[in-house]
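Enquirer: Whole structure, please, built from the sequences with the hints as guidance.
The listed protein sequences correspond, in order, to chains U and V. Take any residue in the first sequence, count from 1 to its spot, add 12: that is its number in the working numbering. With the first letter of the second sequence counted as 1, position 12 gets the number -3 in the working numbering; the numbers rise by one all the way through.
Mixed in with the good hints there might be a few duds.
Within a straight-line C-alpha distance of at most 27 Å, the following computed DSS-like cross-link-like pairs (lysine-lysine) qualify [unchecked claim]:
#, chain 1, residue 1, chain 2, residue 2
1, U, Lys55, U, Lys66
2, U, Lys55, U, Lys70
3, U, Lys90, U, Lys55
4, V, Lys86, U, Lys55
5, U, Lys90, V, Lys70
6, U, Lys45, U, Lys55
Hints were generated in silico from the structure; no laboratory data involved.
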Amino acid sequence: MVNLLTRFRRYAPLLILAPILAGTAIAYAQTFKTQIYDPDTRKWYNYDQNRAMKYYRKHGQTPGDFQRQVVTFRTAEKPGTIIIDGDKHFLYYVLPNFQAIRYGIGVGRDGFGWAGIVEVGRKAEWPTWTPPPEMVARDPNAAKYAGGMPGGPENPLGARAMYLYVGGQDSIYRIHGTHQPWTIGLNISSGCIRMVNDDVIDLYSRVEVGARVIVLMQGAALYKGV
Amino acid sequence: MVQLKSGYAAVAVGLMALGLGACTASKPEPTVRSAGTTAPADLQLLCASEASTRFGANRDTILPVSSSQEGANRYRVDLTMAGEKAVCVISDTGIVESLQKA
Chain U
13 MVNLLTRFRR YAPLLILAPI LAGTAIAYAQ TFKTQIYDPD TRKWYNYDQN
63 RAMKYYRKHG QTPGDFQRQV VTFRTAEKPG TIIIDGDKHF LYYVLPNFQA
113 IRYGIGVGRD GFGWAGIVEV GRKAEWPTWT PPPEMVARDP NAAKYAGGMP
163 GGPENPLGAR AMYLYVGGQD SIYRIHGTHQ PWTIGLNISS GCIRMVNDDV
213 IDLYSRVEVG ARVIVLMQGA ALYKGV
Chain V
-14 MVQLKSGYAA VAVGLMALGL GACTASKPEP TVRSAGTTAP ADLQLLCASE
36 ASTRFGANRD TILPVSSSQE GANRYRVDLT MAGEKAVCVI SDTGIVESLQ
86 KA
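Expert: The structure is reproduced here in structure tokens:
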């Protein structure tokens, strides 16, 4: 019974999506985790929350590969498209001439990963965060903000949010900033894509409402029209 | 003479520095990686694009759902498209080597 309740809680946000995504397939991803290289021991280690927090405390930034950079990207997608590689924790913003800006991201934890083709439905600066009802029910801190937490540096959505829509309706997922920058590279969210605030501000300034967003994640399914 | 020797020393140090620079100017090693191996995102989407062209399918209905490395220089990408499945093999240079409905 406890197991069933736990499962229900885990999948509840996706169940909410079911009516919106009528006719779509839904499955649950076992998201790949990040590993980090230690040049001292010459070994790879799992990049979990503790290690990520220690790294950020020591270096004041995320690992180099997760920092914003222009990379070669061979694609037929038009400039302005966003491509999210949930397995590698990268978000690409397509530029002309087979290039893209690559940003590090945090993605959904186990059971909350998804894949699909959506679009940016709207954008907001310093967005209000409204915790979902199930979070309000279980978390007294979240309950304080049942009516919405105003935008600001402590707001979990960070400096900017781009709301992802499917068929003209809000999918409940967003690309947003964070007040926890060390979580980039982790599988930690309830399905939203999080970026450090500097990066989300940069992306926000480039992205137009209506931009196509392709989300890739091994084993996940939640496709509009597929 | 001392000045000449100093000059040689400076050049030698400079060359050594250049040499070291050359050694360290190679492509930086990755700092992070995924625990699982998947095809690069651009290659996955090249497969989807090719499937759209070849099978005449709406590109909004085609999505790569899984991928894996096959040998040293190629990847297998599994696609779903409007209820059907397709398998694409693509080289790491972006050439689609095979694509067929599963």
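Enquirer: Check each numbered hint against the structure and report the violated ones by number, ascending.
Expert: 3 and 4
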